[in-house]
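Trainee: Okay, here's what each chain looks like letter by letter:
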Amino acid sequence: MSLVVSNLSVDHGAIRAVSGVSFTVESGKIAAIIGSNGAGKTTLLRTLSGLKSATHGSAQWNDHDLFSVKPEFNVRHGIAHVGEGKSVIAELSVEENLHLGAIWRKNKKEMKSTQLDVIELFPILGERIKQRADTLSGGERQMLAIGRALMSRPQLLLLDEPSLGLAPLVIEQIFQTIKSLRDQMSLTVVLVEQNALGALEIADTGIALNLGKVVVAGSAQSLLNDPAVRAAYLGY
Amino acid sequence: MRKRLLLFIALGWVLLFIGDRVDELRVYQGASIAVYTIAIGSIILLTGYSGQISLGHGALMAFGGYVAALCVANASLPLWFAFVMAALLTGIFGGVLGFAAARLSGPYLAGTTLALAVGLPSLANQFSILGGEQGIYLDPGLPPARLGEDFSQYKWFFWITTLAALITMFWLSNILRSKYGRTWRALRGNEVAAQLCGVHTGRQKVLAFALSSGLAGLAGALLVLTISTVSPSAFPLSLSFALVTGAVVSGIYDLKGVMLGAVILVIIPEIADSVASRFGDSLKIISTLPGLLVSALLILAVLFTPNGPGEKLHHLRHKRKAHSG
Amino acid sequence: AQAASQPGITSTEIKLGITSPLSGKVAAVYGKIPGAMKAYFSHVNDNGGVYGRKINLISKDDAYVPTLAVKATNDLIMKDKVFAIVGALGTANHLAALRSANLSGRGVPDLFVNTGFSGFADKAKYKTTFAVLPSYVMEAKIMAKYIDDNYKGKKVALIVQDDDFGLDAIAGFETAGLKPAVTIKFPTGADTVAAAQGWITGKLKPEAVDIAIIFATTTTSAAVLGAAAGLQYRPTVGWMLGSVGGDSNTLRAGGVPLAILNGAIGTSFAPDPSDTTDEYVNFFKSIYAKYVPGSTFDLTVLQGMNSAMLTVQALRAAGKNPTRAGLIKAIEEVVSATISRAPLPTNGLPTNS
Amino acid sequence: MYKFISSLLIGLSLGAIYSLMSISLVLVWRSTRVVNFAQAGQAIVSTYIAYEVVNRTGSFWLAFIVAILAGALLGAIVDRYFMRPLFKRVTTGPIVAIAPVVATLGLLGILRAIVGFIWGVELKPIAAPVSLDGYSLGSEVLPFAPYNALVILIVAIVLIVLSLLFQKTNLGLSLRASAFSPEIARLSGVRVNEIRTLGWAIAGAAGAIAGILATPTSYLSPNSLDILLVFGFAAAVIGGLESMVGAVVGGLVLGLGVTFVSNYVSTSLIFPTAFVFLIVILLVRPSGIVAGKRSRRA
Amino acid sequence: MSTENSLLAISGLTVSFGGLRALSDVHLEVKPGEVVGLIGPNGAGKTTAFNAICGLVKPDTGELFLDGHKHAWPQPHHLSELGIARTLQGVGLFGDLTVLENVMLGAQKFSHSGLISAALGRTGKDEKVLRERAQTALERVYATGIADRRADTLSYPDTKRVAIARALVSEPKILMLDEPAGGLGQQDIEWMNSLIRNLTAQMSVLIVEHHMDVVMTVCDRLYVLNFGEVISSGTADIVRRDPAVIAAYLGASKVNS
Ligand SMILES: Nc1ncnc2c1ncn2[C@@H]1O[C@H](COP(=O)(O)OP(=O)(O)OP(=O)(O)O)[C@@H](O)[C@H]1O
Ligand SMILES: Nc1ncnc2c1ncn2[C@@H]1O[C@H](COP(=O)(O)OP(=O)(O)OP(=O)(O)O)[C@@H](O)[C@H]1O
Ligand SMILES: [Mg+2]
Ligand SMILES: [Mg+2]
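First to last, the sequence lines map onto chains A, B, C, D and E. As numbered in the numbering used here, residues 1 to 236 make up the first sequence, in order. As numbered in the numbering used here, residues 237 to 561 make up the second sequence, in order. As numbered in the numbering used here, residues 562 to 914 make up the third sequence, in order. As numbered in the numbering used here, residues 915 to 1212 make up the fourth sequence, in order. As numbered in the numbering used here, residues 1213 to 1469 make up the fifth sequence, in order.
Possibly wrong hints are sitting among the right ones.
Stated by the list, open to error - Below, computed lysine-lysine pairings styled on DSS-like, alpha-carbon distance capped at 25 Å:
(1) K851(C) with K520(B)
(2) K1082(D) with K109(A)
(3) K130(A) with K1082(D)
(4) K520(B) with K576(C)
(5) K1082(D) with K106(A)
(6) K688(C) with K520(B)
The hints are simulated quantities; they were obtained by calculation from the structure and are not laboratory data.
Between the sequences and the hints, there should be enough to build the whole structure, so can you do that?
Mentor: If you want it as structure tokens, here you go:
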């Protein structure tokens, strides 16, 4: 039970954005992927969920080959992706955005209860439930995006910079939430973050990317203690 | 800038020289190309730059055509003045329309201009001064005597339309390169950001619509010159669509391709004609082929050179460089 | 020897050209004309042609749009180098073509234009143009006279297309001193049953008209009569149909019930195409059936074949070595006589259809 | 009074037909953000097919069903083999905004040419399945026949069925999500391509219904639905493009407006009326009568 | 409240959207040469306050003072003339314009040529002025090297630079930055800090930001919004220890770090 990525390379035209990346995330663990702007983090995640096609390499989630189907079917294998930059549908209401997350599941009752869980996690969404998503503040949208992904009750959650634009308290909450999702529901999380410190603090393993290549990988603790990592990504 | 002026003058000489060497049919086609050049230019300004879609430019051409014909037929004004009036009044009409249009976007604007194209010509029958369906005769007068005896009517039209097209293209290319062009492109991309840069977006959209209308009016007046008559049926919906086609084929964003678009609009029916005659003279083929070809071309253009031949060439050149380098 | 220098004339061929709407909104009505002309020319060609020359008719589509008519006419004259233009159709179109391509200045014969616009009779302006049909003005005058003779003082309504064709009719009725109580003008393409219901319930019925004249195309006649059928409406005296849209065959094919047609008064300047006793109709009909099998023979076909027949007569009259000028002269001198001898127009009187 | 009631009834019948075309345009707009000008072409093809069926079997209702199926199939084909490649290829530059408009116009031309080539320009009639004789009110016969009632009934059914489909099922949400943001919809497990094609198919069916219902009261020719397209589009814009109720409201408003102006002002003002209506309504409400809320700007 | 010596001040600002009150009775001022931070939880109304100042939303009540004088709420396109420039929370560059053109657009107010001279192609001088100003602005954000690139091909940090250059080029007296550091890596954040500090010689800065490093480093004073109300204000040190702010916004962990 694990996510296994091996020797993955991805190109944007002539630019090789991800180059020979391999790593494994054990089921029920959090992997933090850190790296500066343009390191290839987003590209990596988009490839895993199937939005972008890989040039080389493979990725397996348990027995499922992530690259064998279109993204809409990866969701059915329990893989949810929250895109970079508030991935919500602006023209739909908050509620519709949430329903969308569970749309491929037919069980309405289950959907209702999941929605309650999500609202408990982000109460502001409950207050704005009938509003169009584009009236939300930047941070509220980020919460909605995560909420939408959780609506599909995923086993593997791919999160692209969830802390972007969020208030410190909320970031902390979100990181705590991720942690508790892991602990309580044994959710596996691939967490891409600029906020390396926060991410590594909750993660089990850490991977630092630079120019598409893995520069350091190991337990999160070891990265936190690595002076090179501290200098490059943590700012102290 | 001076260089550009010289370029235009040189181009003018070349065109006139060519006009002297070819037969009359080509000269007539040349005049049509010049007219389409202006009309397509007006679409490029509007759609390519300010991002507004018009499916009703045929109606604006009709407006200009009527203005010019009225000036000549009723007020006996000289031709050049009639053309200036056509551009001016259509521009003003477009500006008024633009006040409504500027608040609309995308499909709403497309719908409104489409309704304009359908509605405006049939208004012509409401006013007897506009000559009903039969229209008004625009008497172009004879070419000036000093051009010689065998200087044909069509050559005269060719000179007039080509000169008008050159002047318009010179102005238009200047405007599109100036801060106006930049502003329109900007507000097409992000209206709020443009406002924060100090752009009065409403006013700029109206301005673009008015200028584009003015050009369409001028093109309409020149079109009327080449057929000597203005009547409501001369500006069918298909004309409006043809202009959009021409603009897309030219590269909607690129004034350089504009002549190409115009040439294609004129040439396609010719090709259709010769293909049809090869298939014998089935009336069905004669009547369906031109429509089929124009439509097919349009689709091929959006599919394969969506941003115009200019961009395509650019890419090819880069590829070649990349290969050789 | 002289003929060799004439455009469109070779020792074996006479090239003629026609522009007409083969596509677009009026194609359904007029699109058959070139085919009908070709049928007649084929018949002539198969019987030896004109002094041994075959007639070759080149047909161009103008979609009823003046710009396209100009282009097509220019192509015919300058590219295909036809000897003459025949049977051109549509007033606004042909006016534009005439003026822009300068037919009279170039001396290109412009024969038997298929429009009733009275202006084409102006020989000072259009030296080479000949109209064959009596103008719609004439037709309207005759109708007006008929009404005056038989239904003096009755309330008349006039339904016309808002274009040259309709304007001609209005002018004709006016000069004949008939003032319609109601005039309904509608833009081309807006002649649906719903619109016609509006005309009937909104104008004809409230005004209690006695005679309603439909001076429009078949589509309009069908729409109005269809709407009338649904409303069980009939003007107190009855309907009166102009020649263009009064063809009962077409109307019946379009589902207009026979009952409503009965008692309608039609004007037709050609013999009724369904009249099997008329020798010309039968003659044309057999030709058309032979060369265009499967197509219905209707008034438009008759009109086209008639133009073609006149063209052949004119060409014959122009002699063995036809020139453009000669052709024009021949028509002026000879064909005018021929026309008066020919059965067309047969009578100015309305026939019951 | 008779005149007024008649105008009202004519306007409603006319508006009902506009509504159908308008609904089909709204459906495509909602599922792919495209104004489908080819709809008139698709509808004309399915109506000609219906004409052939009527001719051969004499059954209007069989033809009606065949037309719906043909319309749906054609809609699906247009999306699958035409719009999808287009969206794949055209991704950057100012052309993106107008490419769909232009492409569907091109398709309209092609479909019309094909129809002209196969069936020619001669007018073809389709007889109405029920009587065209108006109901009477006292001594007056009204311009409202069983056929008009049938049309309005069908519009109502189409509206109700589609509204239920959209509001009570996930399909509506999937359609809108795919239209607004294919990527997010995909990430949520929506089979975006199939859903969009389905949207086009449903729209094609609605357009086919409009085509076959419009024909018995007029003729069929390669151009006979053009006016319907223009009015249907105007109706959709008046209605706000987003909702099917809006489409129907827009259709009825336009049908009534055109009829009243024609009957009370001038018969020749039909087309200008549509334009004036559009301008006036859009000046008051720039995104239609039944518009969604304006979005936040920054 | 004294608004005499402030560049910009708002008082009693209330904004609501339908039934939702996004801001209520907000007071805020910016003095010359000051960097003022506006912080608060997501949805507290920070961007809305910016939008009100910029004329992008219409306040229910409230007054605006510029240079100590009462001023009507401006229209967005008047801001540049009033000496106010703003960046957007998204980046808001014009994707198909080049970087230079983007920045030149921000300098539009220095161009005075009209349509006629543009048509005749006589705007060379004018354009040159704009170009030079744009170049200078790009130099200030160390982005001269990318002047000819199309804006939609830039890397994320570069877009942020260009957005700031476009704001700077109009020579504002007040620069409003909405989350300038959002999404930036550590090095770029440090660069941003020093840039903002350097700007204070020419202008005042009003900044919305969630990155506490940035806020605490560059801001002279802070206002904290929560549910549309100012719950705390003062210097960074005072605010970060305010229990209300900790509870509503910072969370316990930030206080000690
Ligand atoms: N659509 C694209 N086309 C071309 N190049 C791209 C595209 N998307 C990303 N790139 C390039 O690929 C590389 C990796 O980009 P990516 O977005 O994956 O980085 P990232 O680590 O997510 O950065 P950030 O922290 O800014 O989000 C960069 O050099 C970027 O310029
Ligand atoms: N146009 C609008 N219509 C309805 N509600 C709106 C609108 N604009 C903003 N809001 C609401 O007002 C509140 C304040 O929003 P605002 O964008 O000002 O928050 P913010 O403080 O900038 O948050 P963030 O830090 O997340 O960007 C939010 O709850 C938002 O949902
Ligand atoms: Mg990223
Ligand atoms: Mg904000």
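Trainee: So, for every hint listed, does it hold in this structure?
Mentor: Hint-by-hint comparison with the structure:
Taken as a hint, the K851(C) and K520(B) pair is honoured in the structure, with Cα atoms around 19 Å apart against an allowance of 25 Å. Pair hint K1082(D) plus K109(A) holds up; C-alpha atoms about 15 Å apart against a cutoff of 25 Å. With a CA separation close to 17 Å, the supplied pair K130(A) and K1082(D) stays within the 25 Å bound. At roughly 21 Å between alpha-carbon atoms, K520(B) and K576(C) fall within 25 Å of each other, so this suggested pair holds.
Straight-line distance between C-alpha atoms of K1082(D) and K106(A) comes to about 13 Å, which keeps the hinted pair within the 25 Å bound. The hinted pair formed by K688(C) and K520(B) fails the criterion: a straight-line CA distance of about 33 Å is larger than 25 Å.
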